[in-house]
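Q: Sequence:
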Amino acid sequence: AKEKRHLETLESLDHEAMHKADAKARKHYNQQINIEYYTSSKFIKSTGYESAKSGIKMGIRQALGLVFAEIWFELKEHVPALFKDAQDNFTLELFLDRMQSLAKDIWSRIKLRFKDLIEEFKNGAMAGVLSSITTTILNIFFTTQKLLGRLIRETWSSLVSAAKLLFLNPNKLPAGDLAREVTRILSTGIAVAMGVILNGHLANVMTFPFGTEIAAFLSAVATGLMTLGITYFLDHSEIMQKVWNFLNQYKSEAKRTLEYFQKVNQELDRFLIELSSLEFNLSVSEMSQFINNLESFSCEYERCFVLANEVERRGIALPFEAGNIESTRSWLKKL
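Heads up, the sequence shown is in this note's numbering, so the first residue is 29 and it goes up one at a time.
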């Protein structure tokens, strides 16, 4: 009878309400645990350590990428010569000399790019730190899959480089060229992200031996092809060329002023070349006297007066009135 009452009591319970109450209690309990954990000094120290570690790793990876690129460029120049020497007249002494020359040239290239090496390390370290912090923040609010974490890590470098170029513009690029370079960097990051996604799918499919390595190779090839295709499209597409040229029309006032004076300088150079081709019929003594007269005056006004007299005496036709500043300015404005 006791067991029967117990079963009747269990059957009379509202199981759905019990599940809701359990879920509510667990949510409140987990929320308290999360608040205690994420606000603790242990979590902050751990996050800082992992962010710094990730930043150093990304910085080293970026710097090593630059070093390996320089090594490859040097090998590409020396390896054909090594093969040619081996086919013609191979000697150990000549081979060692070639290898020594190769090592010196590699070291010279790396030393020349040392400043860029430091810059790449800084950019990579910053991207690594920011990506680690971003992943941590996302993990606080929802569980991030491993693939998403890797996507954040791989694309942060492109985002940092694009932001740096966009806001600082160290090379003072015009609007069109700046937009093209920023688009190129962001599209490279997108290609890398697509490669990461492809690698994740291939790794799940290729479960056979060496499947992981093959998946990594195929995704790397796909990433390279996408990057190459996007870059070629941005640089050579007729549509994109029209876009860049249209944006390049928007120039700052300083840029317009600089281009104006560059044109003025070119016109002055052309005019001086024409003058130098004329026959002035000056003897050596007359030329020496003329130069001495110019050097004897330290005031620019007096020198202009000497030049104006000489031009008038020689009957040289000028496109402006010598000694008249307004006439000179009017001529310059017409250039």
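Everything labelled a hint here was simulated from the structure, so no lab data went into it.
Incorrect hints may appear among the rest.
[What the hints assert, rightly or not] Pairwise CB distance ranges, derived in the manner of DEER restraints:
hint, residue 1, residue 2, range
1, F123, Q277, 19 to 25 Å
2, N320, R137, 48 to 54 Å
3, F101, L253, 17 to 23 Å
[Stated by the list, open to error] Result set (EDC-like, lysine to aspartate or glutamate): computed pairs, CA atoms no more than 16 Å apart in a straight line:
hint, residue 1, residue 2
4, K132, E105
5, K362, E287
6, K362, E349
7, K361, E295
Every residue, glycine too, gets a C-beta built ideally from N, C-alpha and C.
Q: Compare the structure with each hint and give your call.
A: Hints and how they fare:
1. F123 x Q277: 19 to 25 Å: Violated, since F123 and Q277 (Cβ atoms, about 57 Å apart) do not stay within the stated range.
2. N320 x R137: 48 to 54 Å: 53 Å, holds
3. F101 x L253: 17 to 23 Å: Distance hint for F101, L253 holds at roughly 21 Å.
4. K132 x E105: Holds - the C-alpha atoms of E105 and K132 are around 13 Å apart, at most 16 Å.
5. K362 x E287: Holds - the C-alpha atoms of E287 and K362 are around 15 Å apart, at most 16 Å.
6. K362 x E349: 14 Å, holds
7. K361 x E295: 11 Å, holds
When each numbered hint is compared with the structure, a violation occurs for hint 1 only.
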